[in-house]
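Protein sequence lines, in the order shown, are assigned to chains A and B. Numbering-wise, this note's numbering puts 218 at position 218 of the first sequence, and it's gapless, one number per residue. Plus 1000 on top of the position in the second sequence (first one is 1) and you've got this note's numbering.
No lab work stands behind these hints: they were computed from the structure. Keep in mind that the hints are not guaranteed to be accurate.
[As the list claims (entries may be wrong)] Stretch by stretch, here's where chain A covers chain B in the computed footprint (C-beta under 8 Å, at least three residues): (1) 1159–1170; (2) 1215–1225; (3) 1241–1247; (4) 1277–1290.
[What the hints assert, rightly or not] Residues on chain A that point at chain B, a partial pick, calculated with CB under 8 Å: (5) 114; (6) 116; (7) 234.
[To be verified] Here are the computed distance ranges between Cβ atoms for each label pair: (8) 1079/B <-> 219/A: 36 to 42 Å; (9) 1285/B <-> 51/A: 54 to 60 Å; (10) 304/A <-> 1112/B: 50 to 56 Å; (11) 297/A <-> 1098/B: 51 to 57 Å; (12) 1083/B <-> 143/A: 55 to 61 Å; (13) 1026/B <-> 223/A: 45 to 51 Å; (14) 1098/B <-> 298/A: 47 to 53 Å; (15) 1110/B <-> 51/A: 45 to 51 Å; (16) 1224/B <-> 215/A: 41 to 47 Å; (17) 1127/B <-> 51/A: 28 to 34 Å.
Computed from a predicted model, the values in this text were never measured in an experiment. Where a beta carbon is used, it is the ideal one built from N, C-alpha and C, also for glycine.
Protein chains: 2
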Amino acid sequence: MVRSLALLLLSVVALKAGDPLPSWNDTAPKRAILDYLARVTTEGSPDFIPVPERIAVFDNDGTLWPENPVPFQLNFCLDEIRRRLPENPQWNDDPAVQAALGGDLPALTANHYAKLLRVLALAGSGMTSTEYADRVRNWLSTARHPRFDRPYDRLAYQPMLELLAHLRANGFKTFIVSGGGADFMRVFTEPVYGIPPEQVVGSNTRPVFELRDGGPVLIKTMDDLFMDDREGKPVGIHQFIGRRPVAAFGNSDGDKAMLEYTTIANPRPAFGLIVHHTDADREYAYDAKPGSTGKLVEALTEAPRRGWVVVDMKSDWRQVFSRTNSHEGALAPESNLYP
Amino acid sequence: MVRSLALLLLSVVALKAGDPLPSWNDTAPKRAILDYLARVTTEGSPDFIPVPERIAVFDNDGTLWPENPVPFQLNFCLDEIRRRLPENPQWNDDPAVQAALGGDLPALTANHYAKLLRVLALAGSGMTSTEYADRVRNWLSTARHPRFDRPYDRLAYQPMLELLAHLRANGFKTFIVSGGGADFMRVFTEPVYGIPPEQVVGSNTRPVFELRDGGPVLIKTMDDLFMDDREGKPVGIHQFIGRRPVAAFGNSDGDKAMLEYTTIANPRPAFGLIVHHTDADREYAYDAKPGSTGKLVEALTEAPRRGWVVVDMKSDWRQVFSRTNSHEGALAPESNLYP
Chain A
1 MVRSLALLLL SVVALKAGDP LPSWNDTAPK RAILDYLARV TTEGSPDFIP
51 VPERIAVFDN DGTLWPENPV PFQLNFCLDE IRRRLPENPQ WNDDPAVQAA
101 LGGDLPALTA NHYAKLLRVL ALAGSGMTST EYADRVRNWL STARHPRFDR
151 PYDRLAYQPM LELLAHLRAN GFKTFIVSGG GADFMRVFTE PVYGIPPEQV
201 VGSNTRPVFE LRDGGPVLIK TMDDLFMDDR EGKPVGIHQF IGRRPVAAFG
251 NSDGDKAMLE YTTIANPRPA FGLIVHHTDA DREYAYDAKP GSTGKLVEAL
301 TEAPRRGWVV VDMKSDWRQV FSRTNSHEGA LAPESNLYP
Chain B
1001 MVRSLALLLL SVVALKAGDP LPSWNDTAPK RAILDYLARV TTEGSPDFIP
1051 VPERIAVFDN DGTLWPENPV PFQLNFCLDE IRRRLPENPQ WNDDPAVQAA
1101 LGGDLPALTA NHYAKLLRVL ALAGSGMTST EYADRVRNWL STARHPRFDR
1151 PYDRLAYQPM LELLAHLRAN GFKTFIVSGG GADFMRVFTE PVYGIPPEQV
1201 VGSNTRPVFE LRDGGPVLIK TMDDLFMDDR EGKPVGIHQF IGRRPVAAFG
1251 NSDGDKAMLE YTTIANPRPA FGLIVHHTDA DREYAYDAKP GSTGKLVEAL
1301 TEAPRRGWVV VDMKSDWRQV FSRTNSHEGA LAPESNLYP
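Put together the whole structure using the sequences plus the hints.
What follows is the structure, encoded as structure tokens:
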């Protein structure tokens, strides 16, 4: 009895030491992830998935980092407009700018997001792609989240960082497929998530190439806007990745089509997971709240029928954010960064 | 004298044994490639390029395989239209089909390629992406090149296959950036070039997502056509890869903007190369011929000023195609396929 208890304790300790997902409680979602990975990486098994087909897609806002009180990119746009207002006084008369700076979210999203697109255009077009990236980088190094008082890119979910690294350690290639702007996300996905720019699929517009005296540039425009959201996500996956993923991770109805595309009638064993925001103390609790970003109603209803794993943030995550303000230790070693 | 000759012969033999580019003659282009790779992969050197930034982009038609007598994708379209003509007799009255089946290239390309786009639409829209890929696969397994009497996907240039593999062995991630259709190319780039679908940038249109009884599908359309050619190439690189390449390989004026974007004022040491088709005996000789595909005039003029290496196919390539009809031995080992 004493001896078997000691053995049990020992094995628990051993398990912990090699636990690839230490920020996950030992509940159903964690077990489902580990079971799936064991199944599809066992050579000779009928469920084995060849390495080139191990494509995993992740939504960003609300799945890898928070999307409250508003999606972070919107805060970047507002800060940019404020910063550039002195040199653009005519913006004061722009109804979109007025709605944005007045925090009038219903006005911004009315009429098919017309005012929101105008705000995105002011902050994200007319400059070179390099200038834009510098502005995002500068904003990330100075702005802080209003509630957590941390730089925005220090708010990645620790359990998801572990999951990304563990998938890569199992031969998966990890992609972001998000409604956020590709040019916005590509500034930070490599240092924060270990996901290189070429594995970031996002909303985008068509830039214009110009060969200037100082060298070639790409001017950002609002032409040919592609919204990588809802039914746009499978479209973006097809256009940018070119094959069906076998694992998809999201948190809202905007991810439903991506989860369907990944998991329904896939000839390979597929995995779908939804992060359910249930933790008002440590993060936020929302899903069907009127006016909330990241509405999760249809996808949550569909989850049991499709076999999608639903993560209850409050009970399934031991830890939400990294304890330190730095990413050190969160990411996999360099060799796993670019599979 | 005898002894130094023996030593010389020995070193030549030793070099051959480990030669990563055996189908290249020991002329200036090969030396330029090897010098560049040695420079940028030497740690501690000021020219060292970190692995994540080792992005190499390749045009396809005329750079990795021939584009004569017409680009292979056009032959696929013609064969498809012929195959489906019995079930679509109305196509007989279509001026675009008449021009295509009559081989009237000037008519096809007149009026901003209107008839050519119609032909591409007939062969490449209205079906699911899976059906389309199956048709391309079936065509590749049955059609043969009119002159070389080989399946089209057995006509990859052997020197370029070696170059792709050697770049990957040196930590480069190899991409295709081609005017050809992405959905067309993705069927064969992995088995032929070792380039997975997610590293293929091509001309494309926006499909439509549908959840059918049998599962999710993407219906191919002609919406939002993006031509990944000329100034479109740097645009495609930015949208799909998201960072500037350090090495670019092309063969025509359609690749000029991509070569400029890669090599001009790049903070990293950059490499540009043009394959010049000078070998009518083993392949084709063309550049400024009226009506020829793959016109090479402006880029050839610009090459010396930009330091782009020009490959004279006739004198710089020991061998053009693989001697066998199979790809065995041409590709790098599996571990190098997906860096």
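Quick rundown of the hints versus the structure:
1. 1159–1170: violated (count 0)
2. 1215–1225: holds (count 4)
3. 1241–1247: holds (count 3)
4. 1277–1290: Answer violated; 0 residues pass the 8 Å Cβ test.
5. 114: 20 Å, violated
6. 116: 21 Å, violated
7. 234: For residue 234/A, the interface hint holds, since the closest Cβ of chain B sits about 4 Å away, which is under 8 Å.
8. 1079/B <-> 219/A: 36 to 42 Å: Roughly 41 Å apart at Cβ, these two residues keep to the hinted range, so it holds.
9. 1285/B <-> 51/A: 54 to 60 Å: 42 Å, violated
10. 304/A <-> 1112/B: 50 to 56 Å: 52 Å, holds
11. 297/A <-> 1098/B: 51 to 57 Å: 53 Å, holds
12. 1083/B <-> 143/A: 55 to 61 Å: 58 Å, holds
13. 1026/B <-> 223/A: 45 to 51 Å: The hint (45 to 51 Å, Cβ to Cβ) holds, given that residue 1026/B and residue 223/A are roughly 48 Å apart.
14. 1098/B <-> 298/A: 47 to 53 Å: 49 Å, holds
15. 1110/B <-> 51/A: 45 to 51 Å: 47 Å, holds
16. 1224/B <-> 215/A: 41 to 47 Å: Taking Cβ atoms as reference, residue 1224/B and residue 215/A lie about 29 Å apart, which means the hint is violated.
17. 1127/B <-> 51/A: 28 to 34 Å: Check passed, 30 Å falls within 28 to 34 Å.
In this structure, the earlier hints numbered 1, 4, 5, 6, 9, 16 are contradicted, and the remaining ones agree with it.
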